[in-house]
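Undergrad: Take a look at the letters that make up each chain.
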Amino acid sequence: MGEFWSRILQNYPYVFALALFAIGIYTILTHSNLFKKVIGINIMEGSIYILFIAAGNVRGGVAPILDMTDTTLTYVHPLPQALMLTGIVVSVSVTALSLALIMKLYRFYGTVDAKEIMRIRTEVRANGARIS
Amino acid sequence: MTDFVLKRMVALVLPFVQMLGLYVIFHGHLSPGGSFSGGIITGLSLIAFSLVFGLERGHEKISERLMGLIESFGALWYGAMGLVGVLRGTTFLMNKGAGVPLGEPGRLFSGGLILLITLGVGLKVASTMVTLFNALMEEEE
Amino acid sequence: MALAFRDNLAVLVVVALLSTAYIMPLLTKIRRFRVAEYFAVAMLGLALSGGIYLAREILLHGTFTYAVGGWPAPWGIELSLDAVSGFFLITIGVVATPIMLYASVDLIKEVGSRSRAAWFLTLFLLLVAALCGLAVTGDLFNIYVMVEVATIASCAIVAARNDATSVEATFKYLMLATIGSGFVLLGIGFLFVLTGNLNMNFIAQELSMSWQKYPTALWVCLSFFMVGFGVKSALFPLHVWLPDAHSTAIAPSSAMLSSLAIKGYIIALLKVFYVAVGAKIITRLPITDILTLLGMVAIIAGALFALAQDELKRRLAFSTISQVGYIFLGIGLGNIHGLTGTFMHILSHATTKALLFLAAGAMIKHTGKSRISEMAGVGAAMPVTVGAFAVGSLSMIGIPLFSGFVSKWQLLLGSLANGNYLAVLVLVGGSLLAAAYLLPVLRMAFFERPLQKPVVANVSYVQLAALLFLVVVIISVGVVPDGVLQLASEAATALLGLEVLP
Amino acid sequence: MNPQVTDLLNIAFLGFLVVIAIAVSYVKDLLYAAILLGAYSVTIALVWLLMSAPDLAITEAAAGIGMTTLMIAVISKIGRKVE
Chain U
9 MGEFWSRILQ NYPYVFALAL FAIGIYTILT HSNLFKKVIG INIMEGSIYI LFIAAGNVRG
69 GVAPILDMTD TTLTYVHPLP QALMLTGIVV SVSVTALSLA LIMKLYRFYG TVDAKEIMRI
129 RTEVRANGAR IS
Chain B
115 MTDFVLKRMV ALVLPFVQML GLYVIFHGHL SPGGSFSGGI ITGLSLIAFS LVFGLERGHE
175 KISERLMGLI ESFGALWYGA MGLVGVLRGT TFLMNKGAGV PLGEPGRLFS GGLILLITLG
235 VGLKVASTMV TLFNALMEEE E
Chain S
45 MALAFRDNLA VLVVVALLST AYIMPLLTKI RRFRVAEYFA VAMLGLALSG GIYLAREILL
105 HGTFTYAVGG WPAPWGIELS LDAVSGFFLI TIGVVATPIM LYASVDLIKE VGSRSRAAWF
165 LTLFLLLVAA LCGLAVTGDL FNIYVMVEVA TIASCAIVAA RNDATSVEAT FKYLMLATIG
225 SGFVLLGIGF LFVLTGNLNM NFIAQELSMS WQKYPTALWV CLSFFMVGFG VKSALFPLHV
285 WLPDAHSTAI APSSAMLSSL AIKGYIIALL KVFYVAVGAK IITRLPITDI LTLLGMVAII
345 AGALFALAQD ELKRRLAFST ISQVGYIFLG IGLGNIHGLT GTFMHILSHA TTKALLFLAA
405 GAMIKHTGKS RISEMAGVGA AMPVTVGAFA VGSLSMIGIP LFSGFVSKWQ LLLGSLANGN
465 YLAVLVLVGG SLLAAAYLLP VLRMAFFERP LQKPVVANVS YVQLAALLFL VVVIISVGVV
525 PDGVLQLASE AATALLGLEV LP
Chain X
4 MNPQVTDLLN IAFLGFLVVI AIAVSYVKDL LYAAILLGAY SVTIALVWLL MSAPDLAITE
64 AAAGIGMTTL MIAVISKIGR KVE
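Line by line, the protein sequences are chains U, B, S and X.
Numbering (the working numbering) for the first sequence: 9 to 140.
Numbering (the working numbering) for the second sequence: 115 to 255.
Numbering (the working numbering) for the third sequence: 45 to 546.
Numbering (the working numbering) for the fourth sequence: 4 to 86.
Treat the hints as calculated values from the structure; they're not laboratory data.
Any given hint could be a false lead.
What the hints assert, rightly or not - To be clear about the criterion: a stretch of chain B counts as covered by chain S if any three or more of its residues have a C-beta under 8 Å from a C-beta of chain S, and this derived list gives those stretches:
1) 180 to 189
2) 195 to 203
Claimed, not checked - From chain B, some residues computed to sit far from chain U (all C-beta separations above 10 Å):
3) Leu128
4) Pro146
5) Ile154
6) Val166
7) Gly213
8) Leu216
9) Leu233
Using N, Cα and C, we set each Cβ at its ideal position, and we do this for glycine too.
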């Protein structure tokens with residue numbers, strides 16, 4: 009096995025993280041269903057969290073909870089974990105906001121499909137009327 | 115929903131879920147978890163009640179007005195706790211340096227202001243989850 | 045150790061705004077709605093005076109840092125207060141206060157219901173607080189959090205009008221902005237992996253020693269930042285969300301978003317590029333040339349798109365894309381005049397675009413006409429409002445004695461210093477195009493004879509006061525720019541590192 | 004745990020994440036998609052448990068279930084099937 013591949017193997021979490029990031033963005037951009045776009049956002053953000061945590065991980069390290077009795081332990085880096093906690097909070101709030109918006113759009117248009125909404129809007133605009 | 119088994123099970127399990135939520139909030143500075151996860155668990159227990167027994171009975175338990183008050187209170191509480199340090203002549207969110215007794219590490223009542231802040235944030239998160247759910251489930255305005 | 049008042053001031057500004065945001069739901073329940081609105085205006089005014097005081101302290105005593113919670117720099121969150129923060133705090137205060145004053149007049153009628161108006165106030169203050177946070181923070185992850193708060197708040201205030209088009213625009217904005225923040229977070233992750241730090245000064249030290257080892261990784265990381273912040277601040281090819289979002293929102297929301305929210309992301313980009321990575325490395329990578337190029341394309345393309353619009357607010361929204369191009373052009377130039385021009389343009393575009401959107405909002409609301417071709421005779425009917433619009437237009441074009449001229453002049457000097465004559469041409473062309481898309485509005489309003497005289501309700505004096513405040517700011521910055529210019533060039537030197545003094 | 008075993012489990016879970024993420028594109032029923040998101044969150048929580056981040060694991064599990072609940076609340080209003 010070449011040196012390149014062994015390095016890839018050693019850093020496997022990053023590979024998976026980037027793959028998930030790409031899948032997430034693909035889901036956001038290609039699906040016309042708004043609901044699946046939201047799920048795509050969650051996939052994308054989850055992948056970034058994996059990247060961060062993998063960056064702070066130490067092989068054979070233990071969780072960063074202070075153990076007063078044993079001073080020989082190797083702890084993993086606690087900083088990325090604290091940060092990703094914030095990241096999760098952010099992604100929950102983004103999801104909640106977008107779900108609220110989806111509900112409103114459903115009330116206005118009766119559908120949650122982006123193409124359908126676009127079609128209804130152009131039709132209404134052609135008729136010169138306003139959507140309630 | 116009129117499922118007898120579901121209702122009995124939820125009635126049985128909910129107190130323990132709420133207990134778990136409060137445990138996670140209170141032990142945020144000692145063990146994994148903390149205000150956000152504990153707050154979500156607590157909020158989800160209230161949501162589960164509304165889901166199974168209906169929104170009206172959920173509102174009977176805790177009114178929306180109270181939820182709004184708790185939400186604002188949680189955020190303001192965080193600011194107030196942060197200002198303790200400023201009032202004592204040190205920096206924002208200062209804990210030990212502001213003369214707060216820290217207690218013994220590893221005990222529940224230790225860590226000075228952290229426990230108080232966690233409590234406020236947990237309340238805020240729980241009420242926000244419930245408000246969100248109510249807003250999504252509501253009928254036409 | 046006892047800390048002075050000025051040390052705590054920065055964090056107090058942010059906390060005061062956040063607390064005010066959460067007091068709003070309580071206050072609007074207990075008291076009359078006006079009380080809450082004027083309380084918000086008063087707090088924004090206090091934040092403005094705090095910003096001015098901080099800027100003065102920074103100019104007199106130099107930059108200083110503040111460790112939140114008493115944890116020193118590599119471990120805790122550090123606020124670093126330099127001329128950049130002072131400048132942006134003043135900009136936020138100067139623009140947000142009159143917008144809030146303008147919004148206070150008939151907010152409930154605009155957004156539809158009392159509870160929604162209360163939430164509008166909360167979100168508005170959250171947005172301002174997040175922007176203040178962006179101005180003062182020295183920590184990379186703190187930047188991400190503030191950017192996210194600003195994004196969510198600004199999405200929500202676009203949706204405040206609660207009609208189909210604005211909600212749809214909001215959803216589009218939210219999706220693209222979230223992709224943008226995904227890229228920003230990925231970039232932060234890369235910088236964290238490269239340097240093991242999140243504090244920007246520590247990252248700069250680390251990178252200055254080791255960046256030659258992995259230039260490709262740094263390059264990829266910076267392009268992530270560029271795409272992420274580019275989406276959020278509507279850099280030209282990534283601007284698609286902006287026209288819908290900014291033209292469908294209510295007037296105070298559009299003014300706030302176009303003038304301040306976008307600038308917050310630009311300040312964040314500036315901090316990442318020039319503080320965290322450092323001017324020496326940035327100017328050596330081709331990324332500045334790309335920024336210059338994109339800026340030039342944005343200036344011309346945004347202006348051409350604006351020319352094609354007949355709806356007044358859409359034209360102003362496309363004009364924002366063009367003006368953001370100027371700012372990115374200045375960032376890309378990377379010399380002292382370019383960056384001074386960038387900062388001056390952040391201020392002058394913020395005030396000018398806020399004035400234009402507010403005046404346009406008043407014109408549209410009181411005449412009921414949203415298209416430029418229908419605006420004949422409006423000037424005679426509401427002379428003060430359209431007069432304010434005229435001042436905004438002249439400043440946007442870059443006529444001397446208005447603030448737009450000062451910033452464009454600095455950008456021109458910067459382009460000449462770099463020998464970039466194409467940029468000079470684009471700057472002049474952009475001004476001509478701005479004249480081409482703004483002056484017809486005035487011609488229509490003042491000189492066209494209407495078929496029938498438009499029926500116009502009186503604009504309230506509070507709103508006129510807000511407009512006049514912005515007019516006074518624009519003209520005073522244009523006539524006596526010395527103080528602001530000094531602060532801006534101080535900020536530019538701070539970003540470039542001290543040895544690049546002219 | 005033995006580091007090699009941890010790595011193997013990690014790879015397995017990460018691979019499962021990729022499978023879930025791809026599956027989201029193919030399901031036609033929105034309820035299934037929401038449940039897949041719940042599965043995604045729980046699997047991420049397992050990955051973090053293996054990467055010694057129990058704090059995050061609890062939070063992600065709670066947040067994932069919370070988001071799934073909210074999504075199901077929305078689905079109950081907008082209907083399940085994508086035509």
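Undergrad: Work down the list of hints and note, for each, if the structure agrees.
TA: Okay, the hints, checked on the actual structure:
1. 180 to 189: holds (count 5)
2. 195 to 203: holds (count 5)
3. Leu128: Per Cβ check, Leu128(B) is outside 10 Å of chain U; nearest 22 Å; holds.
4. Pro146: At about 7 Å from chain U, Pro146(B) fails to clear the 10 Å cut-off, so the statement is violated.
5. Ile154: The claim is violated: Ile154(B) sits with its nearest Cβ about 8 Å from chain U, within 10 Å.
6. Val166: Holds, since 21 Å exceeds 10 Å.
7. Gly213: Gly213(B) clear of chain U: closest Cβ-Cβ about 23 Å, beyond 10 Å.
8. Leu216: 14 Å, holds
9. Leu233: Since the minimum Cβ distance to chain U is about 17 Å, Leu233(B) lies beyond 10 Å and the statement holds.
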